[in-house]
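*Asks:* Residue numbers (our numbering), protein chains in the order written: chain A, 1 to 412; chain B, 1001 to 1502.
Take these hints with a grain of salt, some might be off.
Some chain B residues judged to face chain A by a derived CB distance under 10 Å, without partners named [said to hold, decoys possible]:
id : residue
1  : V1072
2  : P1076
3  : I1080
4  : R1157
5  : D1261
Listing some non-contacts, in silico: residues in chain B with all C-beta distances to chain A over 10 Å [what the hints assert, rightly or not]:
id : residue
6  : T1077
7  : A1107
8  : E1108
9  : K1109
10 : A1144
11 : G1305
12 : M1315
13 : G1333
By construction, these hints were calculated from the structure, which means they are not laboratory data.
A virtual CB, placed ideally from N, CA and C, is assigned to each residue, including glycine.
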Amino acid sequence: MSAATAQRSTIVERLTKSWLYIGLIGIGVVSFVRIITDTDDLTGAGTIRAAIIATCPILAAALGGLWAERAGVVNIGLEGQMILGTWGAAFFTYHYGPWVGILGAALLGLVGGLLHAIATVTFGVDHIVSGVAINLIGAGAATYLAEAVFPEYEGGGPRQLNGLEAPAQVTIPGVSDLANTISDQHWFFVSDVASVIQALTTNISTLSLLIFALVIISALVLWRTSFGLRLRSCGENPQAAETLGVNVYLYKYVAVLISGALAGIGGGFLALVASSGFSTGQTGGRGYIGLAAMIFGNWRPGGLLAGALTFGYTDSLRLRDTQSVHSLLLLVAIGLLMFAAWRACRKQVKGALVVAAAGALVMAWFLLTDSVPREFTVMTPYVTTMFVLALGSQRLRMPAADGKSYRRGSAG
Amino acid sequence: MPSEVDAVQLRGIGKRFPGVVANHDVDVTIRPGTVHALIGENGAGKSTLMKILYGVQRPDDGTITIEGKQVVLKSPTEAIEAGVGMVFQHFMLADNLTVLENMVLGAEKLHGIGDGARTEIRRISERFGFDLDPDVLVEKLGVAARQRLEIAKVLYRGARIIILDEPTAVLVPQEVDALFENLRELKAAGNSVLFISHKLDEVLAIADDITVMRRGTTVGTADPATATKHELAELMVGSELPSPETEESTVTDTVQLSLSDVTLTDEFGRNLLTDLSLTIRRGEVLGIAGVEGNGQAELVETIMGMRIPTSGRIMLGDQDVTHWHTRQLREAGIGYIPEDRHRHGLLLDAPLWENRILGHQTRPPSSKGMWINRKGARKDTERIVADYDVRAPGIDTPSRALSGGNQQKLIVGREMSGDPVLLIASHPTRGVDVGAQAAIWDHIKRARRNGLAVLLVSADLDELIGLSDTIQVILRGRFVGTFDPSSVTPQDLGTAMTGGAA
């Protein structure tokens, strides 16, 4: 017994250590590229702050995906639920302030989730078909509701509602100033870490902190409670769960409702924090990117956090100057070559060669050009998504019964 | 130890599904502290009855009395509360969860989901000799260990009445003995076991009471101390048991298939098959025995061209076919009965005549040049349905609507058409009823007399011994022994299959 406990703790240690190492190496490489290319913007506190803001909605959507898929329901309706969330946040914030607004965003997302649950769980509709329908319904409903309601409001029009009150921001006085001083020195590594600390302690939105906290809460609930165990069992083998007295329909419903609510909160973040108000079509495919981040993260909270940060960071860089995007090429090239080396170490020769060739191409592009066309920079997050999924999705393990329709009484 | 009150009484149970009566007038009485065997052919209604007793399905008629109290079981939860636990034939385990997680699922309130549960699992494991480690992922467990986990799961919930649905179907003889040892322990601890099977030897070896089912109802009981296999078989099928015995040898001198030193390596450089050599002559049946997952599937897929061997040579007649594709091989006259008819043998939602075309899409009568010959294919399907006694409403019926035995007969008919020279049969009678089994055996025997070479892979050792001219035992991708079926016993094969001294 003690032996087993000891073994478990070493696994935990090893995992946290490996995450720590990967994080440290990552920061080191970024810092290296920053100095080589002389683009301080690459890790400037402004960039990091923008990255956090870009990350949060993706992260919320990814968490939504995690809850649904762990219970065996593929929710590509996240995008539609997010759009509903943007409208809900705008409407409720206008009337009752930002915190009720966030609840409103969650509520509207939850309605989207309810539709998806009724279709997939009760009626056994194909999950993808239902998800696409919800994306179309979400976009249509939000546009209609905006046109019907917002023109009469102050700061509103048929396609937008501006001047919404944002949730409070937090600054930790001493730490923030100290980090600011260090990051201005542009030292290797140290200043980059300081930038991150500065961004996290200066004028950070409480909603961002809430979304980060939701990652930890989700991890604890899903993996450390019997509620979470039952929910996950519905995604792994619902027939087995049924024979053990788990009410599979109930857990799937709960999971999809929470999924929708989380996506709605992500939409609310877009309307309240990422910009100063609601506008139609605000989500711009972030629901899908959230789904991609979750897949990249291997259906795990830590992994999807890493995925969301990657997408958020590249997304924020494109908003800065084109020089940064050009430096990003070097970063991608180095990343690919390191990944190739790692694969070569594991004797996966073919895979290593493909990745190395891709890395060499990007490197050549970086060396032979001085800038990246403006039009291209808009594509950055999407191209990154494609790259990451194509290269990273080799050893992924999704819940065994994910996306499969389940009927009660089918056990045995 | 046995008290006066019966553990379970089922009286007049009936269950109807649209178009079929699955159970009617079923009466079963299980005495406490005994192993009660329920026997019958596939489709006799055993599984439905078990699902009713475990609350998965609700009976239309009849009463269930557990330990003297009449109960209505609306869900497995209520069955568990009443003290009934069930081990399904297809294990109900989530591979990606640990032993502990599978065990506590649905019963988290008993001992929590942490160390309390871990201690309890270790206690049960030691008490009954289950040898389970709570923190191992289920996907790492072998079949026998999974079954012990299933039984432990039931005990963890405090069940006193344990239903085992064909528990020995997936086990080799030595594992069956170990399971029976576990069952005797359970009985000694005062539990009642309901043991469902159609293997009469095993039933006679373990049961205290026997109830026989046929066509949805109980047709009699027997005392294992006095009953013979013959009597039980007659009760079960209403006639005599078919036997796979073949007649005199029809082996000729012409070699039809030969493998020399075939090795197959996976992407990580591990050997799936190592230096396999075999020859099959015309009119010969070569049987391959082995515990599942020891390379049988890979061997078959290599011969069928779905995998290309890393080294070695495969000859069909006098042609080197090592690098041929599956379609070329099929056109050269190889018939193939795949091990999983649902995944590899049929399109379940396609009509029978379309299924007839599969694998024959380039040959008459299914095709004419580049076009599918609908008329020809339909006519030939009619022939198969008649000759092979496929019981179906018509050739436009989707194959899903057929019973397992009829699906398999359709596949056998399809693979036998076009005059094959070699038949690869993987578990040809797995999960089919006794009647269809006998018919399939007859077809294989007749084809053998006509000079067909057959490679037979099976987990049913009686079938292997009865049909084969030679038996090779495969273990971890190597042949570890050659046996003559006229002198070998299932126990000998079982020993060789598990790596004991041959």
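*Asks:* For each hint, tell me whether it holds in the structure or not.
*Replies:* Structure-based check of each hint:
1. V1072: violated (16 Å)
2. P1076: At 5 Å from the nearest chain A Cβ, P1076 (chain B) passes the 10 Å test, so the hint holds.
3. I1080: holds (6 Å)
4. R1157: Because about 8 Å separates R1157 (chain B) from the closest Cβ in chain A, which is inside the 10 Å limit, the hint holds.
5. D1261: The hint is violated - D1261 (chain B) has no Cβ within 10 Å of chain A, the shortest such distance being about 25 Å.
6. T1077: Violated, since 3 Å does not exceed 10 Å.
7. A1107: For A1107 (chain B), whose nearest Cβ neighbour in chain A is about 7 Å away, the distance does not exceed 10 Å, so it is violated.
8. E1108: Not fine: 3 Å to the nearest Cβ puts E1108 (chain B) too close to chain A.
9. K1109: violated (8 Å)
10. A1144: A1144 (chain B) is indeed farther than 10 Å from all Cβ atoms of chain A, at 19 Å.
11. G1305: holds (22 Å)
12. M1315: holds (31 Å)
13. G1333: Correct as stated: the minimum Cβ-Cβ distance to chain A is 36 Å, above 10 Å.
Hints 1, 5, 6, 7, 8 and 9 from the list above are not met by this structure, while the remaining hints are.
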